[in-house]
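Peer 1: Listed below are the residues making up each chain.
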Amino acid sequence: MSTTSQKHRDFVAEPMGDKPVTALSGIGEVLGKKLEEQGFDKAFVVLGQFLLLRKDQELFAEWLKDTSGANARQAASCSQCLTEWCDAFL
Amino acid sequence: MSEFLQDPSVLTKDKLKSALLAHNVALPNGEQRKGVYVDLYLKNLTAQNRRSAAPEPAFSSDEEPPAPVLSGRSRSGRKATRKTDRVRPEEIDVTELTNEGLKDQLLKYGVNAGPIVASTRKLYEKKLQKLLDQGPPETVVQLSEPAVTGNSQNGNTDSDQYSDKEEEATKAEPEPEPEPVPVVERPMRSRGKAPVTTRTRSGQHKIEKLSAVEQTPKTPDRDVLKELFPNETLNTPTGISATRRQPIKGAAGRSFSDSWRDDLRPRLTEIRHTSSSSSSSSYTETRSAIHRTNAVPLNALPLSSILKPAAPPAVQVKTRRRLPVWLQLLLLSAVAGFLFFVYQAMETNEMNPFGQSASSGALGSTSK
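Sequence lines, in order, name chains A and B. The opening position of the first sequence corresponds to residue 1 in this note's numbering, with each subsequent residue numbered one higher. The opening position of the second sequence corresponds to residue 1 in this note's numbering, with each subsequent residue numbered one higher.
Calculated directly from the structure, the hints in this document are not laboratory data. Fair warning: this is a prediction, and the values are worked out from it, not measured in the lab. Treat the hints with caution; some may be incorrect.
[What the hints assert, rightly or not] Mimicking SDA-like on lysine to any residue, the simulated pairs with C-alpha atoms at most 20 Å apart in a straight line are:
(1) Lys34(A) <-> Gly35(B)
(2) Lys34(B) <-> Glu36(A)
(3) Lys122(B) <-> Asn112(B)
(4) Lys33(A) <-> Glu31(B)
(5) Lys17(B) <-> Leu42(B)
(6) Lys17(B) <-> Lys34(B)
(7) Lys15(B) <-> Gly39(A)
(8) Lys122(B) <-> Lys7(A)
(9) Lys34(B) <-> Gly39(A)
(10) Lys13(B) <-> Asn71(A)
(11) Lys126(B) <-> Asn99(B)
(12) Lys108(B) <-> Asp133(B)
(13) Lys103(B) <-> Gly135(B)
(14) Lys130(B) <-> Gly114(B)
(15) Lys126(B) <-> Lys33(A)
(16) Lys33(A) <-> Gly35(B)
(17) Lys7(A) <-> Asn71(A)
(18) Lys65(A) <-> Gly114(B)
(19) Lys43(B) <-> Leu27(B)
Model the full structure from these sequences, guided by the hints.
Peer 2: In structure tokens form, the structure reads like this:
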């Protein structure tokens, strides 16, 4: 089995629909709150940002770090989560 | 020291704070967001930038010796002083570029940027800034390609970051400082990405360094191997040499005489001789034989009934046992005898145990 968390697997398993931003892998309560303050209150909005950056994991991770104060691990995890979701559903 | 940065967001928060403090700018209490410090910085210091355009060489000479001017500046205050000191043909202020301009600049570096909107602009500015720091677009295109093509791989981005650092370091000075950097990154590189060949700018001397360094670990390896295996005369292609294992006794048509030759079976001959002379069921002879042999493996005894042919003298090795074998056999025979006795005593008990216990007891004693 790969080293993905349960949260990651849950997110990638189905279309995100209206899930909150905290459903993303790597985004917990604190980061979720910060993102919501910025206007990213739903997971699909963050997805929008990811797509705007042309699905570039590195750029997206950097953006996430700047916007929410995530550390490298969390940002990478979220990046990976979104990439896999896009591969599956986009 | 003043840094006349156009885009202070490339600095870390700490650096911003220290720079602000150096200029006696009042910092807000507590931990603020980086943007706050960036704004303060811009307000206070960038304003100074416009005032003092002249003393650039003076500042640079303050910080570093004038000899390695170009590289020295880029080493210590790399993000800080480089932009304004060096005169570049392209625009140096990424923040003042239009969206279009920014996109074009990025395209020059081979970065296919997405739409530059409010939320993405800052990111692309930073990226362009980083690319500009690395130098003219032509040489950087090859650098960025592994980064661009390997987006989804974490490993690739790591190597890109390492390569950035390395670029700065080697550009700086021919000091021991860059030495550990390429040495450290050598294992990263040699993992099989082959970015060495793509580095043209600082590539030449680096390639030599890498090749030189790569030679050295190989030769110590060979010495170590030779030390470990001094008897390695066969030099098989795989380096594996097989040694014969002990043949299994009694298997594959191997008689026990052969197995004795190889194995360390002490005093089997004596047991064999004594047991062949007596009946196999009686333990006494074997016991007496074993009494002489201090330590014999226990499974020699079941074999003793089977083996008949003459055996060469066995190697006598003492194996440690808590109890001598004869003693174990003695105990075994005692227990067996006891059980036999009990069985015999209770055997003929067909009658009603409640009615005629006396007669059954008498029968039991008589039947024995």
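Peer 1: Failing hints, ascending?
Peer 2: 7, 8 and 15
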